[in-house]
Structure formats: C-alpha cells, structure tokens
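Going down the list, the protein sequences come from chains A and B. Residues in the first sequence are numbered from 241 upward in steps of one, following the numbering used here. Residues in the second sequence are numbered from 259 upward in steps of one, following the numbering used here.
Since the hints were made in silico from the structure, they are not lab data. Idealized CB from N, CA, C, for every residue including glycine. Among the clues, some could well be false.
[As the list claims (entries may be wrong)] Derived contacts from chain B toward chain A, CB cut-off under 7 Å, selection only:
hint : residue
1    : R335
2    : R361
3    : D386
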Amino acid sequence: MTTTVAVGSVRRWVRRTRSAHRERGETLGNFYFAVLFVAIVGGMLHRQLAAIFWPAAPNASVLAGGALSLVIVGGLYLALRRLGPLGLSRPAASWLLTAPVSRRRLLLPSLWLATIGAAFAGAFGGLAVLGHVAARPVPGPDALLPLAGALLGGALLLVALGAQADRWWSSWPDNVAYLLVAAGLAGLVVDSAVAAPRAPAGWPAGGVVPAVTAALAAIVTVFFLLAVRRLAHTPNERILEASKTAGTLLDSAFGVEPSFVTEMVERRYWARRRLTSRRLWARVPVLVAQDLVLLRRRPRRLLWLAGATTLPTLLAHAPGWILGAAVLVGGLVAGGAAAATVRTDAGNPVLLRLLGLSSRQSITQRLWVPGVLAALWYSAALSMLHALGDLPAGPWWALGLALGPAGAAATVRRARVGFVDNGLLPLDTPMGSFSTGPAISALAGIDVLLLGLPTVVLIAQGAPLTWTGVVAQGAIAAVGARAYVSGTTAADRVELSAR
Amino acid sequence: MDQSAIEVRGLSVSYGSAPVLVDVRLTVPVGAGVCVTGENGIGKSTLLRCVASLQRPDAGEIEIFGGPPGSTPEFWRAVVTTVEPPTWYPGLTAREHGELVCRAHGSDLAEAGLDEMLERFGIASHADVIPPSLSSGQKQRLTLALALLRPSRLLILDEPEQRLDPQARTMVAGLLRDYLAGGGTALLASHDAAFAAAAGTTTVSMADLHAADAR
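Turn these sequences into a full structure, and let the hints steer you where they fit.
Okay, here's the thing in structure tokens:
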C-alpha cells in the first residue's frame, strides 16, 4: 500500500534545499537581467514590433486577415504539439514523476503555465489581425478580438492536451493544422497576387466577435475543467518526452547551439516511422543513391517545398534586392531537405572512414541531390514571380536552374558547419559583448549564396532578363561551387574537416 | 612476408600529468592476431586509438603496413576500427547501412554476403529498423557486421565482446578466426581471455608492452 505525499511540501523542500547552495540574490539578479533584456530589446525594436502588430492604418484585405488567422491558428497548434504541451522540468520528470505524489497536483502548475502561454500567443495573434484589418478607431465590439484570440489559444491548448494523451484521433488535428497553415499561406499568396482591396470599414461585422468570444469562453471553461479532472491520465512517456524537449530547447538556448534541436527533431521523426529497406539505385554514385532513398521517405517535406515556391510572391512589392535575397535563401531551405547526411558526417566521421571515400568524392556526391532540389525550387519560384507579372520578361526558369550549383554549395557548407564554436573571442561593442561563434555559424551557407549575387542584381534592375544574364549567373555558380569543393576537400583525406 | 602490419616504437601518451602509455613497443606481423589485455585505465584503448590514427601520441613512432597511419582513403580502405562508436545516418535502416558500405567498396551484395552476415549476427529480423532504435547489444552486432562485411587488411577492435551474449561471442570469435585465416591482421583489446583465445589471437598484457619487447 503506497501513501500519497503532498507534492507542494516536496516542491517547497526542493526549492529550499536548492536555494541553500545558490549565491545570495542570484534569483533577483536573473530577474533584473531579464527585465533589462526585455527593456533594451523593446526599446530597439518597438517601431518594428508596432509595424507587425499595430500599423498606423489598416493595410490588409479580408482575405489576408482570414489567411493570417489560419496561419496563426495552425502554427500555434503545431508549436503546442511540438512542445508537449504539458511538460515538467527535467529534474522534476526524473524525481517527482516516479514519486508517490498526486499526479494532478504535480502537473497542474505546468497546465497553468501552458494555458497562460497559449492565451498570450493567441491574444498577440488576435491583436495582429485586428491591427492590420480593422478600421481606426477600432469599433467597440471588435476590440474583443485579442480576447477571442486568447480564448482560441486556450482551446487549441486543450485540443493539444488531448492529443498528447495519445488518443486515437491525435494525428487528425495535426493534419488539419498543417492544412490550415498551407491554406493560410495560399490565401496570403493569392491576396498578394490579385492585390485584393483593403477590408471595408465595417469588418468584422459588429456582433460576430462578441458572439464568438462568448461561445469560446463557454467551451474553454467546460473543457478546461474536464482537462483538470483527466490530467492524471496523461501517459508518463509523453510527459517525459515533453520535458526532454523543454530541456533540449533550454540547452540549445543557453549553449547557443541550434543543432541540438535539429538533431532532436530528426531523431523523433525517424523513431516514429516504420520503414522497409530499399535497394540503393545502382546507376548513380552510392551517396547520391543514399540521399535519394532518404528524400523519397519524406514526401510531405517535398510537398511543403513545392508549396513554398509561391512564398516569394509575398515580397513582390518589396525592394528588388530583398526579393532577390529571399529567393536565394529559399534555395538553401530546399537543399537543406537533403542535407542530414552531411550533418551526420560533419559531426562524426566514423561512417565516412568505414566507407573509405575521400572527402572530395563524398562532398561531390553529396552536392547532387541538394543541387537538383535547389535548382528546381529556384526555377519554380522565379517562374511563379514571372507568371504573376512581378518580374519582367525573360527566361527566369533557366536562371533558376543556373542557380542550382550555388544553392547546392551553400546547403552543404551550412550542413558542414557542425557545432557552434563558442571558444572564439567575443567582440566588445557599445551595446555589450557580442559572441562571434554563433554569428559565424548563423552566416555559414549564406556567405556562399553570394554566388547568386548576379540574380539579385538582375531582379533589382527590373530590366528584361537576357540569356547573357543566365549564362553569366550559371558560370559564376558553377565555378564557385567547384572552387568550394576543391578549396574545402582533399583527395587524400577522408574526414570533411582537416585535423 | 616479413613486413609488419603494425610497428609501434617508444609510444608515450599522458593525460595531463598522468602518464598512460610510457615508451610502449608493439609489433604485429601481417596475418597475426594480437589481443591486448589489462585492467581499466591501463591504456588499451589509447593504444588502439593511436594505432588507428585517431589520437596523436606525445612521442613515439607508429607504422601501419610500413607507412604512417593517416586519414587517407587508402589507409581507411585497409583499416577498419570500432574504437569509436558510429553516428548512424538518420532514416537509413540497418540493412541499408550494410548495403551502403558494400557499394562504397565496390562489392557485390550477394558476393559480400550482406544478408548472410545480418543473419549470422542475429539482426536479420531487425534489418528494416533504424540503428538508433536497436538495443545496445544489437548496435554492437551491427557495428561488427559492417566492419567484417567490407574488405580490409587490418581490424582494430576495442572490446568486441562487449554487450554480446555468450552465443554471439562464440560466433564473433569464429568470424575473427576466419578473418585471420584469410590473411587479415587483427589488433584487439579485451577483458575476456577465453574470447581472445577462441578468436585465434595471441594475448599480450598491456603491462608487458611498456618499455619491453613484447614480441
């Protein structure tokens, strides 16, 4: 017979014991730095934040407002699912989850925290939609939109909470959320393409927002009470997984090491998949065949990439150099869909040694699949911009294909960067110390995209594209990619980086 | 053949102020199998790491097949080591890892005996599983299967019997014996004298290698 211990007293004891060996005033110091950080960042970015959440005058159509709402709802749900949403700190997951304490009382603080977080995110989303769509001054009933957003955030959290308990329907809302994000992005693209007129002054209609808010408030209250009652039934492994996620995110933030998160996401994705071994295609080099097998296993990712070729049209009215730079970065994302193997080899060369290929052979082979992906993505994105009249006449599809080698080299350079070097000397600036390691790591790959500079110039010029421009871009990308391979690999070395 | 597969002279390594290897000498002729034994911390793994060129010694000379160990493709086509655990390719199954290794060495799958090897190592039923989802013992089996699957001239194995059950130990010892019989050379570190004997290797105490002609 086990006795249930009051979790509150255990937590108080842990806090007291931990504070005994903490430096006096450490918590106060952390709080002070957090407030200072928010104040400085807020001071630096308040104009940009105001432009995002509350522009001086409404500037979006009804379609854009609706589409933005869909993206926020889908995105918030997916973020909540990725984070848990119910988790515990790693020490609490290790020691208190297995202790004879009331499960509901143990998890209740996490539920409150998640609810408040989701409500804030929803409220900011509602504020952004209101700021972009509603006329000024905002009509009284419409001012409830942030509250409706907060309640919707709470409702999404409750659905995510149910899904976390691994119910039979768990995968359905995930798929719906993906569809909502896709539909929302498509709506934004269409809005940009057809230059939809600004929302009429009376939108949303007076009674809609209060009615929706009231309905949401009732639903959220009922389901929140039910969720609290069923809190103890959340499976242990789900809570452990969420606590690992939170721990990895914190490690990644404190260590300024984004690869921790990339690796965790990749590991979880494959751990859930059921695979069947395939033969490697014999007609292509072995590492190309391997990349093709892995690419085939992620059809949904390819679908997203195909859909993302429309996103540059959102920037069609921005200055040409911004549009050009955005297109170039898009190729890096497309190529990155086939770069996990390079990341593995860069992190640990044991398998490369087992394969016995030189670094030049392996990198040359690894460039192919990201190169083809990037070339197709560039070609589709530029063709889309051309078709919608955002680019002047010319063979833009060919320019996209010519950019392929630049996208491939940039992708592989980014994947090879490995761990962030936090040992590099920090730079002292008037605004404080600046770590060079994370900055260099963040720029890896972007630097090689400079090979696509002719494309940025061609887009910025706004003149019709000639074949000379395509050939010049193709030559620079190909020569640059070749120089990258010969400069960073060796025929007499297996490891990707020299020892 | 009078050329040595491994020739180590005056090898010294220390971690901070603690010397681990002091003036170590070791000669392993081509076609021979040597198993280094000794208690924890005596420097077995450090010796293997130096021989496999994964660690730079403080002093001493190492020759592998008459040349310095290095990171060239030629070196890694001749030498296989399990001194460091692999990081598996994400999303690639156990069998596909095997096929990748065979294809990279230009071996025909049937000739290399990929499926037979997975069967012998008892992981044929897990061929479609990604290696991170295997148990630690199964991962060790897969690592050894990949090491023995590809052509090589020298095997450097650090405690290959680790995490294996008794039947698997016997099977691995048999495979190592076949490898030596086929003209290969092996340098092992192990705590299991019976395993070393079953594998057909000569056991050498690490303590005897310090400043002494072991062979």
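Results for each hint:
1. This hint holds: R335/B has a C-beta 4 Å from the nearest C-beta of chain A, less than the 7 Å allowed.
2. Using the Cβ-Cβ criterion of 7 Å, the hint placing R361/B at the interface with chain A is satisfied: the shortest such distance is roughly 4 Å.
3. This hint holds: D386/B has a C-beta 5 Å from the nearest C-beta of chain A, less than the 7 Å allowed.
The structure fails none of the hints (numbered hints given earlier).
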